[in-house]
Each structure stands twice: as structure tokens, then as C-alpha cells.
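Engineer: Take a look at the letters that make up each chain.
Protein chains: 4
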Amino acid sequence: NNNSMLIQCVGFPFSTCCMAKSKYEYVKNFEQDDRLLPNTWLVLRVDGRAFHKFSPAHKFCKPNDVRALNLMNAAAIACMKEFSDIVLAYGESDEFSFVFRKETKLFQRRNSKIVTAVVSYFTAVYVMEWNKHMLIKAPPKSQVQVLLDKNKTSSSPSLEPGTHNKPKDNTIDNPDQQAQDDGDPAPLLYPPQFDGRIVCYPSLQNLRDYLTWRQVDCHINNLYNTTFWSLILLGGLTETEAEEKLKTTLSKDKNEILFSGFSINYNLEPAMFRKGSTIIRKPVEKTITKMSPKR
Amino acid sequence: NNNSMLIQCVGFPFSTCCMAKSKYEYVKNFEQDDRLLPNTWLVLRVDGRAFHKFSPAHKFCKPNDVRALNLMNAAAIACMKEFSDIVLAYGESDEFSFVFRKETKLFQRRNSKIVTAVVSYFTAVYVMEWNKHMLIKAPPKSQVQVLLDKNKTSSSPSLEPGTHNKPKDNTIDNPDQQAQDDGDPAPLLYPPQFDGRIVCYPSLQNLRDYLTWRQVDCHINNLYNTTFWSLILLGGLTETEAEEKLKTTLSKDKNEILFSGFSINYNLEPAMFRKGSTIIRKPVEKTITKMSPKR
Amino acid sequence: NNNSMLIQCVGFPFSTCCMAKSKYEYVKNFEQDDRLLPNTWLVLRVDGRAFHKFSPAHKFCKPNDVRALNLMNAAAIACMKEFSDIVLAYGESDEFSFVFRKETKLFQRRNSKIVTAVVSYFTAVYVMEWNKHMLIKAPPKSQVQVLLDKNKTSSSPSLEPGTHNKPKDNTIDNPDQQAQDDGDPAPLLYPPQFDGRIVCYPSLQNLRDYLTWRQVDCHINNLYNTTFWSLILLGGLTETEAEEKLKTTLSKDKNEILFSGFSINYNLEPAMFRKGSTIIRKPVEKTITKMSPKR
Amino acid sequence: NNNSMLIQCVGFPFSTCCMAKSKYEYVKNFEQDDRLLPNTWLVLRVDGRAFHKFSPAHKFCKPNDVRALNLMNAAAIACMKEFSDIVLAYGESDEFSFVFRKETKLFQRRNSKIVTAVVSYFTAVYVMEWNKHMLIKAPPKSQVQVLLDKNKTSSSPSLEPGTHNKPKDNTIDNPDQQAQDDGDPAPLLYPPQFDGRIVCYPSLQNLRDYLTWRQVDCHINNLYNTTFWSLILLGGLTETEAEEKLKTTLSKDKNEILFSGFSINYNLEPAMFRKGSTIIRKPVEKTITKMSPKR
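One line per chain: the protein sequences are Y, R, Z and U, in this order. Quick note, my numbering runs 6 ahead of the 1-based positions in the first sequence. Quick note, my numbering runs 6 ahead of the 1-based positions in the second sequence. Quick note, my numbering runs 6 ahead of the 1-based positions in the third sequence. Quick note, my numbering runs 6 ahead of the 1-based positions in the fourth sequence.
Bear in mind the hints are in silico, worked out from the structure with no lab data behind them.
Just so you know, same-sequence chains aren't split out, so a pair can sit in one copy or run between any two.
Derived lysine-lysine pairs resembling BS3-like cross-links, with alpha carbons at most 27 Å apart:
1. LYS156 / LYS251
2. LYS119 / LYS27
3. LYS260 / LYS158
4. LYS253 / LYS27
5. LYS288 / LYS111
6. LYS143 / LYS59
7. LYS288 / LYS108
8. LYS111 / LYS27
9. LYS59 / LYS251
Bear in mind that the values here come from a model prediction, so they are computed numbers and not experimental data.
The whole structure should be built from the sequences, with the hints applied where relevant.
Structural biologist: In C-alpha cells, the structure reads:
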């Protein structure tokens, strides 16, 4: 509660009556110049903080919540509209990377200014558009969810044959788990938090490698998560059991678990889950009226 | 509209099938270490961006809007609760300064992490608590507003005698102006934006001088604004005329304009307007039960 | 004299008997990481400090001292041998720029380490090779010096016709001036001092523009200096008069002064004076023994 | 040899005839502001680079060479005279730390400027004063050297009883070793190299702890080295054997080895070896002539 804080509207004991502002302005000199190297691509990555708690608290679908991803995309699009020097954005999970053109002079390329303005704006949009995106019954998109829904509505809960495909209906310890998987509309319970950082990349190759790095991260995490939650939601394993089972698996092993265990073809998972979201500006169509040459 | 952006869920043309993450991880080395000097006070200032547009768009009362200041205070208090190393916060107008204790190890003192996390959280709370604070008919607190309300309700619109105290009712060009002054409940129309920066202060004297610098800034701006809006709202001047009239005035001249022109005693203005808001943690009372010594 | 300093070999009063090193090692954390952005050209410029005093104190020839330039070149070559990641060096006057290849990992690209090691080495070589380069009677190379020598040895001191070509022999106020122009061998009187800084350039175009910037600087300064010292040494003007005369002149005016006043064709000045010294590594000739194909 | 480098005095192919300097000056914007935090103690440490090779190459006495330490002290004193904001210097082995007063405005506190100027000056003095300090037959100061000298001149090379105190005269593999120990005058064979870095310390306690940290380092290294070289020079061990023997020893063990093996009392070693050199400015005596009051 707010009782733990005291708001006071008092003159600081150390302030002087004369209010000579210039006497104190020397403190401005302690601010350090943080302008970023010119002629480099600025890549600003926004990351959700503690979303491993935030997403279950708000009952995000597992392994992916389309609504939550759409909300991230909406916040990213708003940032691209607000900051016109962003040429591309790439998002996956609870993070978004924004690429500023090399020549940007935004805030004289001051690091703190740029990173805080974008993170602040991203956060504001995320909160403002929460209800629009999250307070809907989202269509399940992952095959995991599709199967889960089918199981729930069908009388026979039999899944694909396999060791772990016991009906999970009676094995759930945590009643919230069920709700979580439903993608039920969830109001914003507490303020989300994002952090950010800017990295300069001198060459186009570096920039490409950065984006590929994030996309590989997306792939690895999504394959893991899809398998992990299949084992739990469809296979009835506990989180610990699923973690243990996946410990030493390679990509092909996970693909195999999905396919032979649950008839899930990973490559048929929605592209947004597997590859993330890349946002670019639409090329503007310019109508060029071609004049007939004079003779 | 969102039509100007394209969302694509495609593999980057430069990504490889093998997904060797380690091949791309070298891009992490481009991130620069931005840890702040240990054993210094970290002062993080959050500033509203373009609030000269945001506040009239949301019809903030002039010269001060108690509701908006309370909202800023609420966001600051939330930050102090979330980040326990903040020992003091000082706010005025659309800015808030947070003082972290010298020994803080928050995010290993990484500049970008700290500044973005706090600015993001501040923004999220500001948006989430907007309705709670702004959708009320706030009590006018400045004498300017009190007089204005009195004038509106009284049949005789005569103000203090003076050259400029014509009834303003008929002189308003901009109908929004009237609404603006009323402090009418205003929904959040577009995302607010805050930026931030961290400055290290090595000594307590530097820290005190920083806070005094901000408080002097508060005083100077508030005296100016109170006089400026009195001339406009009560005296019927245009903004340009008011600006012109105040151009070369000193503090005592502004006090004199307020008093002789509008019977406003600046020193009776609410302390929060004149001195800003200082937030500290309430000292915790610990009940120590002294055991009587056994015999 | 050294009497103003006290050398003491005492234990600090604050040191402890137990000598627990770990207790104090926390002070290492105050050192800030200053690694330079990868994949950028590092350009390290070494600049003579206070050489406007150092060069007359050591009687450098005016407008240029071949010996002093050769000494700079020797120090630069030594640096290129010591630091193998330097791919090019460009020198003019009392400065030298060293270009490190983009991929250099020298000292993990730590700014302070690189800049101090190179500046230290440059300084050491400059001092060690001083006698070798400076204790010789250098051949005058600038046409200014050639003419001056001719004048000195000829009985008739008449120069080119012109307003200012009074014989200077009797007009010299400062007897040192005469010696200065002779390029007399001069022992090193006091320690020279160089400072340095590193700048990162992301693209080849930026690097080229940097080098051009320095060469344009060389050109502008050398044309000015050649004209300035012609007016003084050959034309008999005082430094103040020469400065005044050149104040508003353009390049073509200076060329004209040189040519019509002293028959000096600026374009015939030694290339090292006009264009600076560019040092590159000699391409290594590798003898590739071509094996006759087996049958 | 210099044959590996090419000096060229050519216009860069990319330079333009018109020499518009302003066109290229944009490259200055790539330089980053590196001003150090105000109101902090600046500690600049100069370190010899590769002195583990430099000192044997120049036959420094082991475990300590008084001449080399005096040369370091001389360079440090010169720096303190040149840079008047240095209030204290502390040296040990091949390093020297300079403490600048908190208020220093030297070069506007620009990191690169300060560190390179001091390192350059230190290096220049070190080279210039080499002959003065090193080309003398220095008095051996360590008890190790005293004993070694005694042994050499005495007919009976018997040392303290012990397993390792075989006369070493015939066991020396490396003839240079002998010379090395003599402290023979040695001309400067190649340029020495120093690097440097500046660290900001906000409080006096941090500064004290820094200096103590260096002094503890001095103590630990010197006790080790004294024991190490006693074992080799007096005890006849090889370097590998000595290293092995000292591997797990504590301070008291090393003291015991010195005392029981070689009758060396570590505490009687010269204070400069054990505690380093602290240089401060002599307090200036000001004669204040008191005027008799007029009547």
C-alpha cells in the first residue's frame, strides 16, 4: 500500500532563499555524453522483464499466445510510426528489435534518449492496447492447442498412441493450468515492464547476423517450447518430467517426439511462431504519370 | 493506419538451415559495457516528452493540474515500491528524479538496464492509473482556478480593477481553452512518452545541489506560469501579450503583478506547486519487545 | 629541482598488518570497460604537445625541418613494426595517424591500452632516435631555405624585386632566429610530449575522408607556413606584419605572393611538405615454386 | 629493418583538387567525448609493458634493482612537476600510480588526453634519464645481493647450511645470468613501453583502499621475489625448482626460508623494496612578513 511512502512538499533544507539557479547548474556537467557512433546501424532491443511470471499470471496460452504476440506487434508498429527512422523491426516471444537507419540523427544519436523514448512508448502502447488484443477469445493456433481443444470437446479423450498420452483431465494439480491454456480473456493485473539497450552495428553483414541470431533463438526456443508443452498438455507429464525428457535432445529428436508422440508436424506450426514477426514499411506506390514525349 | 506497415513471418534470406546459433553469437560482442561508477549516487530523471502538447490535448488545468501531479506522484511511488534501492524521489511538472542509494547493485549498475526498466515501469503505471486520477472533477487548488470558478458562477464577472481585467467570457477565440481550464475528466487519447537518463553524483553535496537545482527550476517555472495564466485566464490577455508583459520581469515583479492585479499571494499557493513533491520511505517502526532478564 | 618533492618509503597508515589483498581488490571494479566497437577501423592520432614551443626551442628549420619530419617518420615506422595490426600511417607536421585493421584484437580493443602503448612507444623511439636524426646538418629542402642559404653566401643580398625584399640581415631582432633557420644540430633539451586518441570509423569511405581531412589540413597549413616564413625570412617582415598580410588571403593569393615576391613555385616544394608522409607495408614477394605437373 | 616499410609522399587518390576542408570535417564527429566524472579522484596508473623481458635484457639486479627503481622515481617526479594537479604518486616494481586532485580541470578531464600526455612524458623522461641512473655501478641493497657479493669475493663459497646451498658458481647454465646479477651498467637496447589507464574514485576511502591494494601487491610480490631469487642465486636452485618450492607457501613460510636458509631477515630489507615509493609535494614554507601596524 501507499502507506509506506511519505509525500512531502517542502523546501529542501539546503535550498537558499535567493534561488540563484546558476549556482546549482554545475551539476549538469556530471551528465556524460553518450552519443552513439555515426554511420552505424542502431539496433534497439526491447525485452519483457520477468515475463516468465507475467505470462502465466495473465494466462497466456502455451506454447504460444497469438493474442500476446499480436499485442507485441501492435506496440512495435506504433513505435515504427512514431519513430520514422526505424526501418525494420523483428519480434519473437517477449522481445522486439528495432533497426534504425545508419544516418539517423534522432536525439543527436544520444543513447539514453533514444532507448528510453522507444521503450517508454512501446510500454505505453502495450498497456493501452491490452484490452483490445487480450480481452478476446483467441483462436488457438498451435497444433498443441488445436489438439487440446479437440480433446476437451470430444467424449473420448484418446490421443495418439504413445507412452505419455494419458488423458490429462484428471492429472492436473494446478487448476490455474487449465485456465491458462484456454486463452481466456485476462485483464491487465499489474504494470508490465520492458528493458532495452542499443547496439551499434557497422556493416550490413553484422546487422544481418544480428537478425539471424535472434531468429535462430526464436527457432530453438519455439521448438523446445512446443515439445515441452506437448509433453505436458497432451502427454500429461509434469514440467519437471518434460524438462528431464528434453534435456539432451537435439532438434531432430524434438521433431520426432512431436510427430510420433502427438502427430504434430513442427513445420506446419504457424510461421509467426517458428520465424517471428518481421515488420517493414510498405513501399509507397507513387503514381508516375508518364508524359508522352514531345515531338 | 496500420496499412503502412507490413508484417511478415518469413525466414530471413540470410539464415541458414543448420541454425548454428554459435555462428551468429559474435554479434553480442558489439554490446558495450555501460556499468555506472560504483559508490556514487545514481540520479535517474524521467521527463515527459512533448508534454507542452500532451497537457493541453488532455485539458490539464492551468497553471497546475492537481490530478496530473497526483498521477505523476502515483507513478513515482509505484517505482519506489518496485525498485527498493530508490531512497528518494523528487517531482515537479512533468518530471521526476529518482535517487538510488550509492551502494545499489541493481542490474550490476548497468546504465541501460536501470534507466529503461524504471522509465518503462513509470510509463506503464502512468497509463494504468490514468483513469483513476484523471477521470475525476478535481478540486481547483491554485488561487487562479479558485478565482476563475468564482467568476464563472458569479453574475458579475468583474475582477480586480486593472487595465486587463476585462471579462474574458467573450474574448476566447479557442473554445477548447475554456474546457481546458475546467479540469474536465479526459480519457487518455494517445500514448504518453517519457525519456530518462542517469547521472552519477559522487558526493552528498553534489546530490543536494542537484535536488536544489530541480527545486529552483520548479520555483522559477511555477512563479512564471502562475503569473502567465493569471494574466490570461483572469486578466484576459492573449498568450502573446502575457509573454510580452513578463519578458523582463524579476521574481518580485511577478509577485507584484499577482498581488496588485489579482489579489493573489504567491506564497499562499499550494506547497506542491511551489516546491514540488518529495517522496521518501516511511521509517518503519519496529516494536522491540524487551525481555525481562531471567533470574 | 627535485627538492620540491618528497620520496617516502613508508607503509600507508591505512594498510593493515594482515595484508589481505582480497579486502582491497574491490577497487578494481571502478575501472570501466573501454573496448572499442568491433569491425571498425581504429584510427589513432598522435599529436605533439606544445610543439609551437618545442620546435623553436630545438631550432627546427622554418617552414619545414626535414630532419624533424624524418624523425617523426622513423618513430612511426617503429610503431608499425611493433604493432603489426597497423596497416597504414599518415604523418604531417607534429602529428601521425595510425590506421589499425578493422579486425584487430590488440589488447581486446581496449581503448586506453592501445592508445597509451602506441603513444609511449612512439615517444620512446622519438627520444632514442633524436641524435641520429637531429644532430646532423640537414640539407635545406624548402625553396625558402635554398634562397636563404644563397642569400647568405652571396655578397649581394638582393632578392627578387618587390615591396618587402629588404635584406633581412640587419633587421633581425632576435639572434636566435638566425640560428633557428640554420637547421643546426640541436641536442634534446627537455622531454617531448605527445598525446593521442582513438576514433572508430565504420566504413572505408569514412576512413578515406579522415585521411583526406588530415591531408587537406597539411596542405592548408603548409601553404600558409611557406608563405608566412618567406615573408619573414626572405621578405624581412616581422611575424606580426606577415600575419597581417596573410589574414584574408586565399590559396591563389598565397601562391601569387610566393611566386611574384620570391620566385617560389609552391608546386615545386618537396612532396613530403605538401602532401605529408604515407607509410604502408611493403608487399611481401613470395616466391612460389611452381611444381611441374606429374605425368 | 626499415626495408619492410614504404614511405610515400603522394596525394591520396581520393583527395580533391579544391581542398574543401569543410567537406571532410564531419569525421570529427566520430570522436567520442570521454570526459571523466567531476569531483572524483583520478588515479592514473602507468605500467611497464613486457618488463619481464625488458629487465633481464637490461640486466636489472634481482630481486630488486635500486637503479631501475630510482629511474622510475625520477620519471614520476618529473611528471609531478609537469602536471601540477598530481597530488601524490606511488610506485613499485615497474608501475607508478598518480593521484590527481578531485577538482582537476586538466584537459577538461578528457580521459585520452590526460592518460596519453602523462604516459608519453613518463616514457620520455625514462629514456632521457636512463644513462644517468643505469650507467652506474649501483650499490647492492638487498641482502640477497650483499650475500652474493660477499660470496663472490670470499674464497670459501660456503653459505648457510641447508639442502640447496651448493655453491652456484659452477652451476650456471646461462652466462648472462651472472652478469645480470651484477647490476652492470647497461645501455638502453630498445625502446621501453608503458601503458596506462585512469580510474575514478569517488571517496577518500576508495582512494586509500586503492593505494593499499597496490602496496599489498608490492609486499606480496617482493616477499616472493626475494625468496625466489635467494633460492636461485644463493641456494643454487633452478628457476623451476624455486617456483616449485614456493608453490604452496604462505608469507610466514617464505620468511622462514629466508631466515633459516640464508640468514636473511625480510624486515631488514630496504623499505623501498618492501613498501614502494610514495612521492608527495613538499609543503612550501611561506615567509610571511608581518607588517607593523601603522599608527
